[in-house]
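S.K.: Chains B and C: place on chain A using the hints.
Residues per chain, in single letters:
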Amino acid sequence: MTPAGKYETTIGLEVHVQLATQSKIFCGCSTRFGSSPNSQACPVCLGFPGALPVMNKEALGFAIKVGVALGCEIAGRMKFDRKHYYYPDLPKNFQISQYDLPLAAEGSLELFGDGQRRVIRIKRVHLEEDAGKLIHAEKGDASLVDFNRSGMPLLEVVSEPDITSPEEAYEYLTEVKSILRYLDVSDCNMEEGSLRCDANISIRKTGAKSLGVKTELKNMNTFRGVKIALQYEIDRQKAVLEEGGKIIQETRLWNEAKARTFLMRTKEEAFDYRYFPEPDLVPFLIDRETVESIKASLPELPQKRYERFVENYKLQPALASIIVNERDLADFFEESAKGYPRNVQLIANWITGDIQGELNKRKLSMASLGLKPEAFADMLKLIDEGVITGKIAKGLLVDMIETGSMPRELVKSLGLSQITDKGALEAVMEKVIKNNPKPVEDYKNGKTNVITFLVGQVMRETKGKANPKIINEMLRERMGKL
Amino acid sequence: MAEGLYKLTACKIRDLIEKKEISVDDVVGALTERIQKTDKKLNALISLEKADLKSEVERVKQNKGGALYGVPVAIKDNICVDGRLTTCASNILEGFRPPYNATVIDKLREKGALICGRANMDEFAFGSSCETSCYGPTRNPWDTDMIPGGSSGGSASSVAADEAIAALGSDTGGSIRQPAALCGVVGMKPTYGRVSRYGLIAFASSLDQIGPITKDVSDCALLLNAISGYDPKDSTSVDIAVPDYTKSLKNDIKGMRIAIPKEYFVKGIDKEVKAAVLNGIKTLESLGAKCDEVSLPHTEYAVSTYYIIAPAEASSNLARFDGVQYGLRKKGKSLIDMYKDTRAKGFGSEAKRRVILGTYVLSSGYYDAYYLKALKVRTKLKEDFDKVFKDFACIVTPTSPTPAFKIGERIDDPLSMYLSDIFTIPANLTGIPGISIPCGFTKKNLPIGLQILAKPFNEETLIRTAYTFEENTDFHKRKPDI
Amino acid sequence: MKKKIDVEYIANLARIRLSKKEIDGFSGQLADIISFIEKLNKADTKETPPTTHPLPLKNVFRADTVKKSLTQEKVLQNAPEKRETSFKVPKIIEES
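Protein chains in written order, with our numbering: chain A, 1 to 482; chain B, 1001 to 1482; chain C, 2001 to 2096.
Isolated chain A, as found in the complex (with noise of 0.2 Å):
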């Protein structure tokens, strides 16, 4: 936790996100992960002399989607500018970024999670170009470099320093790739490196009034790993703070192994990145009527469907804030909703509960999980019409997942249903007391509760096909005769 009441936290997030287009920012290389080492590479995004960039629309396009979604100022002229620094992953040992004209700014973001709102502001949103990746041979003396990932579109969203702690940061980062998502320009997957997040962060004396010196904090690969890194952080400042330190200004690289930050540079040793406009590529004007018709064309968003789903539907903040979180989730539960409006609850139990526990065992998304919500919701009406038990419900949604077929005819096909005859589960109970002796006695004995334990011996013997209720009231009749 954040140290209560003597400090507070001052946290500022920029967060890198791989736009998903077909191709490369400035040259027509893929942008597909994981193929062989510089197989997607061309005299473009490998810098080779002589070779220009030329601007890929769809990643400006992209790009304004997420700048409005933001609610941001989107630039009516825009410019990119050289970022210098020597990194053997850079191929021109400049960046093409943005500096002075970035492409969107002053925009927010709510939170909305724990039902508390809390505006996280936007400070910009700019396109650059990514680098290529270095990998650090185990053995020996060298480093390798891979230029397949050189030139991806990349978006640098940065937070003003308005999150007060790694909780609340993790919230952002989730409620950022929550919003990417559902505008479709990201696949955000933070294990493959499209969605990366440095940290600004300080302390200081709680009612301060000015903020504490900040550490930059890097090489954090997934959410979790962030949530802990600044809680590090915040622990290792607090620590030299209380012993009389100083905190010195520097940029720290987060060791998820070792769990711990360890010194990168010191700000006198910080880059001068000697920033000029990029003579290659031309200005860019965005003109009103471009914003206004990608506003109007944006999806509904996370904040505003959590809304709705709340008013309208009348979930659990909770519930609707996890369904709502991804997209495809939450139009999962509102086709399931329409095929069966009698008991929207219980359809966000079920998602949140078996469902997101396939998803995942499965690592899958629920759009490429192939549960079709109106077969959800007839497996529903089942449990309802009293042919299956909820006990099978479950194991039929994992066989309605797997073979893609409706519940009805696995009901048939499997012979699922609930065994209404009494006769057949008279024949069971039988067995039951037979074996059971001693619970039987205890319950002649005044021990009623053990009937849950004969239920449940019932319930086994059928493989969960009998009714609960109805086993209930026989044996208590029975037995009532012993």
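I should point out that these hints are in silico values taken from the structure, not numbers from a laboratory. The C-beta atom is built at its ideal place from N, Cα and C for all residues, glycine as well. Please note that a few of the clues may not be correct.
To be verified - DEER-style ranges, computed between Cβ atoms:
#1 A:Gln356 / C:Arg2083: 21 to 27 Å
#2 A:Asp100 / B:Ser1334: 32 to 38 Å
#3 B:Tyr1230 / A:Val398: 55 to 61 Å
Claimed, not checked - Okay, the calculated bits of chain C under chain B, using three or more residues with CB under 8 Å as the criterion:
#4 2044-2055
#5 2071-2081
As the list claims (entries may be wrong) - Heads up, simulated PhoX-like pairs for lysine-lysine below, C-alpha to C-alpha not over 20 Å straight-line:
#6 B:Lys1333 / C:Lys2082
#7 A:Lys57 / C:Lys2058
#8 C:Lys2082 / B:Lys1330
#9 C:Lys2046 / B:Lys1382
#10 B:Lys1331 / A:Lys139
#11 C:Lys2088 / A:Lys133
#12 B:Lys1064 / B:Lys1111
#13 A:Lys422 / A:Lys434
#14 B:Lys1271 / B:Lys1444
#15 A:Lys139 / C:Lys2082
#16 A:Lys434 / A:Lys463
#17 A:Lys214 / A:Lys123
#18 B:Lys1054 / B:Lys1111
#19 C:Lys2039 / B:Lys1376
#20 A:Lys447 / A:Lys434
#21 B:Lys1111 / B:Lys1012
#22 A:Lys412 / A:Lys465
#23 B:Lys1376 / C:Lys2046
#24 B:Lys1443 / B:Lys1479
#25 C:Lys2088 / B:Lys1380
#26 A:Lys6 / A:Lys214
#27 A:Lys57 / C:Lys2068
#28 B:Lys1037 / A:Lys139
#29 C:Lys2021 / B:Lys1345
#30 B:Lys1012 / B:Lys1061
#31 A:Lys481 / A:Lys438
#32 B:Lys1345 / C:Lys2042
#33 B:Lys1406 / B:Lys1376
#34 C:Lys2039 / B:Lys1382
#35 C:Lys2082 / B:Lys1382
#36 B:Lys1012 / B:Lys1477
#37 B:Lys1007 / B:Lys1037
#38 B:Lys1290 / B:Lys1254
#39 A:Lys381 / A:Lys469
#40 B:Lys1330 / C:Lys2091
M.R.: Chains B and C alone, transformed into the frame defined by chain A:
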């Protein structure tokens, strides 16, 4: 017939081949012999392998025809040719064979031209004397103690000495026009954006332009036809129709209004140069042009402006030469040692000087004072020209303030070297086209050039004016005795 | 008045190792050039916008279509050092 073929112009050679009076082999044979005889003295052509020439001839023979069919063209060493050594006359690009063609190479070959050699140049085109090449200096065929001008000194020297029928150069501050003037040939810098820069190893991206160096104005029109036009691979090339420039080969400038800027005839200009250019202006008047003195008041700032913008862009463009992907690598203990030693060893003095100057003017705290200020003065220079072109079809000036000077004379005095570009730089800063044509000789038999400037995309005016002058004078017919 | 330029610092930014002799030589020459360049301060540009491109071009795009990349062989044909299909460089130490 093969005797003396090397003396012919491109137009003439193409016509003779078309009429089947001579063959491509005859031309190449005559030229090869000529190169063997004269280039030991000139060092104008570098790094052309025999096998390359053979394959060029084979390739051309497969072409059916074309406006440049069978015409051997020398290519400045900063224009990329797929698989051929392209080094910018720098040690740092030792052994570099680009895996792609510059657009102009594809265009020339389409028209049936063949590459007969790589032309020497100042390292990375940094210079006005062709002395800074890692291959050693090129000499002026009119007097081999003299520089040929630069940076396209090899291109101009080889054409003047009949070692190439025509050549391509590049012009960032006068690098085509000044050596053309000093070698007594025709050189044109087209409007910025007229010719694709794709595959031209950049010196200063917002100033560079490829152009032809030829024996006469007709050849200039022919080559310009071949290389001009929009290229989707160059964002700064302009998508407007290319006229047939040979249609401007008209001996008629009656009534044309020509401006003579007074700032180009003051301090520092050589007496003989001044007299020859004034004489040239008289010739133009006698042919029906109306010449009036005008003022381009910001001319005095052009060199300063240029020596901020050009080195700044160059320092950025040359950052990529670091030994990672291609060219020279000096092994170092660490990465930073590798960078520093590679660049220390790979760059010559002038390259280092310009990179350091450019890095300085872009470094933190200096951008506004230097770079931004230069961009503003650039606007002023543009306004000067716009004003004159409201009333005048073209502007006539000397190309260079002096004729060729002695090798070694200015090599240790960068500032005096920089001032040799004083009359050519404004066209690069403002993007307008310019041509240099022979207009006289000094008493020591050194050529003098006359520069004509026109509005953007008005190369037709340049060709017509230059052609008319050429048709009525004999300067272009004189050949150096080598 | 001539400006003192810290050539060593600038050369480090530009990743060029200079000898003592070079530093001394460049310092003098660059000071001359810089004082020449500062002539620009005389030009009145208070109301003047900067010109980054000689021509007023804007909005030049390409469509988002995938084109063939170079073969790995061509990408690496100039590599001073490589391992399999990657470029090889001296080991980079990021942590201290």
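S.K.: Go through the numbered hints given earlier and state which of them the structure violates, listing their numbers in rising order.
M.R.: Those not satisfied are hints 1, 25, 28, 32, 33, 35.
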